[in-house]
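Per the numbering used here, residue 367 is the first one in the sequence shown, and the count goes up by one each step.
Among the hints, erroneous ones may be present.
Said to hold, decoys possible - Simulated restraints on C-beta separations:
hint	residue 1	residue 2	range
1	Leu489	Ile386	26 to 34 Å
2	Ser404	Tyr488	48 to 56 Å
3	Asp378	Tyr488	32 to 40 Å
4	Tyr488	Arg458	56 to 64 Å
None of these hints come from the bench; they were simulated from the model.
Just so we're clear, the structure is a prediction, and the values are computed from it rather than from any experiment.
Even for Gly, the Cβ is constructed at its ideal location relative to N, Cα and C.
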Amino acid sequence: MKFNFNLQRILDLKEKFENIEKENLSKKINERMQVENSISNLDKKINDYGLYFDNELKNSLSSTKVQELIKYRHFLKQKRIELIKQYQKKLREEEKARKKFLEAKKEKDIIEKLKFRKYEEYLSQEKIIEAKEMDEIAQKMYINREKD
Numbered sequence: 367m368k369f370n371f372n373l374q375r376i377l378d379l380k381e382k383f384e385n386i387e388k389e390n391l392s393k394k395i396n397e398r399m400q401v402e403n404s405i406s407n408l409d410k411k412i413n414d415y416g417l418y419f420d421n422e423l424k425n426s427l428s429s430t431k432v433q434e435l436i437k438y439r440h441f442l443k444q445k446r447i448e449l450i451k452q453y454q455k456k457l458r459e460e461e462k463a464r465k466k467f468l469e470a471k472k473e474k475d476i477i478e479k480l481k482f483r484k485y486e487e488y489l490s491q492e493k494i495i496e497a498k499e500m501d502e503i504a505q506k507m508y509i510n511r512e513k514d
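Sequences and hints are given; from them, build the entire structure.
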C-alpha cells in the first residue's frame with residue numbers, strides 16, 4: 367500500500383506561498399540595500415563637496431558664487447534627509463515582508479510535521495500488517511508440517 371497524505375495539495379500550496387513571500391522579502395532587501403548604497407554615495411559626495419567648499423572659501427569668491435555653493439550644500443543635505451526617510455520606509459517594508467515570510471514558513475512547517483507524523487504512523491501500520499502476514503505464513507507452515 368502506498369503512502370497517501372490527504373493534505374498534500376495544501377502543503378504544495380503553502381510551499382508556493384512561502385516561495386512567493388521569500389521572493390518578496392528578497393526584493394525588499396535589495397530595495398533597502400539600494401537605498402543604503404545611495405546614502406553611502408551621497409555621503410561621499412557631501413564629504414567631497416565639503417572639502418571643495420572649504421577650498422573655494424579660501425579663495426576670494428563673489429557673493430553669488432558663495433550663495434550657489436551654500437544652496438548646493440543645502441540641496442545635498444536635503445537629499446540625504448529624503449534618502450534617510452526612504453531608507454526607514456524600506457526598513458519597515460522589509461520587516462513586514464519578513465513577518466509574512468516567517469508566517470508562511472511556519473504554516474508550511476506545521477503541515478510538513480503533520481505529514482511526517484502521518485508517514486511514521488503509516489510505517490508503523492505497515493510493520494504491524496507485515497508482522498501479521500508473517501505470523502499467518504508461519505502458522506500455515508506449522509499446520510502443514512503437522513499434517514505431514
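Right, here's what the structure says about each hint:
{"no.": "1", "hint": "Leu489 x Ile386: 26 to 34 Å", "result": "holds (33 Å)"}
{"no.": "2", "hint": "Ser404 x Tyr488: 48 to 56 Å", "result": "holds (55 Å)"}
{"no.": "3", "hint": "Asp378 x Tyr488: 32 to 40 Å", "result": "violated (19 Å)"}
{"no.": "4", "hint": "Tyr488 x Arg458: 56 to 64 Å", "result": "violated (45 Å)"}
Of the numbered hints listed earlier, those contradicted by the structure are 3, 4.
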